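Going down the list, the sequences are from chains G and H.
My numbering numbers the first residue of the first sequence as 1 and each following residue consecutively.
My numbering numbers the first residue of the second sequence as 1 and each following residue consecutively.
Bear in mind the hints are in silico, worked out from the structure with no lab data behind them.
It cannot be assumed that every hint is accurate.
To be verified - Distance ranges between label pairs, derived from CB positions: (1) Leu164(G) to Glu19(H): 32 to 40 Å; (2) Ala63(H) to Gly400(G): 47 to 55 Å; (3) Met289(G) to Arg23(H): 43 to 51 Å; (4) Met11(H) to Lys394(G): 35 to 43 Å; (5) Met116(G) to Glu19(H): 21 to 29 Å; (6) Glu112(G) to Phe15(H): 29 to 37 Å; (7) Arg23(H) to Glu327(G): 33 to 41 Å; (8) Asp2(H) to Asn4(G): 19 to 27 Å; (9) Arg109(G) to Met11(H): 25 to 33 Å; (10) Tyr8(H) to Ala115(G): 12 to 20 Å.
Since the structure is predicted, the reported quantities are computational estimates derived from the model, not experimental observations.
The beta carbon of each residue, even a glycine, is placed where N, CA and C say it ideally should be.
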Amino acid sequence: MTSNWFVSMAYFVVAVVFIIGLKAMSSPVTARRGIVWAGFAMIAATVVTFFIPGLQNIGLMVLAIVIGGSAAWWSGKIVKMTDMPQMVAIYNGMGGGAAAGIAAIELIRGVEHSAMVSTLMVLGAIIGSVAFSGSCVAFAKLQGLMNKAIRLPQQNTINFFLTLFTFGLGLTIGYSDDPSLFGVFLFFVLALALGVVLVLPIGGADMPVVISLLNAFTGLAVGFKGFVLGIPALIVAGIVVGASGMLLTQLMAKAMNRPIRNIIFTPLTGAAAEGAEGPQGTMREVSAMDAASLMRFGGKVIIVPGYGMAVAGAQHKVWEMSKLLEEAGVEVKFAIHPVAGRMPGHMNVLLAEAGVPYDKIFDLDEINDEFAQADVALVIGANDVVNPVARTDKTSPIYGMPILNADMARDVIVIKRGRGAGYSGIENALFFKENCNMLYGSAQEAVAEITTQIKALG
Amino acid sequence: MDGFTALYVFMLAAFTGYEVISRVPVILHTPLMSGSNFVHGVVLVGAMIALGHANPEDPLQLAIGFFAVLLGAANAAGGYIVTERMLGMFKVGEKKKEGGAK
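Based on the provided sequences and hints, a complete structural model is requested.
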């Protein structure tokens, strides 16, 4: 489409820089450089596009870029670190929406394409729409606007036939020279509905994997649009993201020991969890003062931070407390479950924000054997990732998920808002164990109280 | 681009994507997801071209094109800023990181 040599050359360079940027982003040392390079490439790609001969509606284009770009820039600038996952979800959905919009214009204009390009266009339109509506649902769930996992009767059958019908309708209008406007409209309504019914039944705990999957979807949709519009840079950037997104999704799913198929087709629901026999026994409460002395006079403390800590914004307080303990000669380490927070690596970002040095943060494989030698495991706002039933109870929905062995520590202190079950709705057997002490309250206040008590102990 | 060239481009790009992130430490999963989210914001270019070729007489095409460009721009701008903010936190202690992560 772009016979213009200059534009094509610029797109080529952009594609190369995107790949180099992504590569740089996969190492902590070069990561920041990577995103900056990719950012320049994006600006170059946008500017160069204006030089394509024969483009109309330039005024409208500039207006859309200014509104969309500045609104997103502003929202991304003010969002709290804890809310990052849903922002990624919503920006991703927007990309999917853009891809679907491109397909809509092409379909309405009735441009003639080869059979293969038409098929790719329809696929891209469906995937883009699914990414758009699915991401909106994911955003609503993470933002707390929608808490229940809604599961339709015969969910999988509905999904199957809806997919089949949408694709069939898409091909019909994709191959026709002059598709009816109503047909195109119905096609997009169905594709959007598909995204909603796919994500609705999936519980909040599985959302990171879903976002990652939808991210890969958008990449694919963008890549397919590249075929339709004849822009190789779009193909390369889209497919590279699609493939790396799929790999990332697999890595996350593996960390949770939940095969992607299970997440999509047999989501964890409260109902499934209730079916399992809940652990019996009583929970012991502990005061902030006792918790303080347990840690102050212990030799080694391992802190297990969870999303509850992040939501309460307690990471700074936790780091302050750890420094105090270290001054008193206690060894303090942080243990991060791969899916702590809402996405893998999310917790590392949050702790980094609070100033915790990297050499104190350990992932599951590195630290799991150390719990047995620890005097205290301090669990702050984490639940499912320390639930021992994942090791023992075959009937539990989370059986087999790798967990942090916090229960192996001599004493376990759990800071928790209330007595409720975890994000997945499963009772935690750890809380009923004999070496476990519960400290109820918001993470922020509880940790502040412990800190005061440690200071008092001198 | 003819069918088979397109297929080869697809295949090579897929392998590239797989290779590029195959050795990423867990701590970078979230920023990397966000970063790749930014990269597919290049859909903006596609949306601009689609809008540029839309019929100026047809308000429906213009409206869809307008929103496609708007969403694409939001994807790119938002994706960039959140990724940059997350990675900005990896500045301190980069040296330590090298040895610390697997």
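Satisfaction of the hinted span 25 to 33 Å by the C-beta atoms belonging to Arg109(G) and Met11(H): holds (30 Å)
C-beta pair Met116(G), Glu19(H): status relative to the range 21 to 29 Å that was hinted: holds (26 Å)
12 to 20 Å as the expected CB spacing between Ala115(G) and Tyr8(H), which holds or is violated: For Tyr8(H) and Ala115(G) the Cβ distance comes to about 19 Å; the hint holds.
C-beta pair Ala63(H), Gly400(G): status relative to the range 47 to 55 Å that was hinted: holds (50 Å)
Satisfaction of the hinted span 29 to 37 Å by the C-beta atoms belonging to Glu112(G) and Phe15(H): Since the Cβ atoms of Glu112(G) and Phe15(H) sit about 32 Å apart, the hinted range of 29 to 37 Å holds.
Status of the given 43 to 51 Å range, CB of Arg23(H) versus CB of Met289(G): With Cβ atoms ~47 Å apart, the hint holds.
Satisfaction of the hinted span 19 to 27 Å by the C-beta atoms belonging to Asp2(H) and Asn4(G): holds (20 Å)
Range agreement (Cβ of Lys394(G) with Cβ of Met11(H), hint 35 to 43 Å): holds (41 Å)
Satisfaction of the hinted span 33 to 41 Å by the C-beta atoms belonging to Arg23(H) and Glu327(G): This hint holds: roughly 37 Å between Cβ atoms.
Pairwise beta carbon distance, Leu164(G) to Glu19(H), judged against the given window 32 to 40 Å: holds (34 Å)
No hint from the list above goes unmet by this structure.
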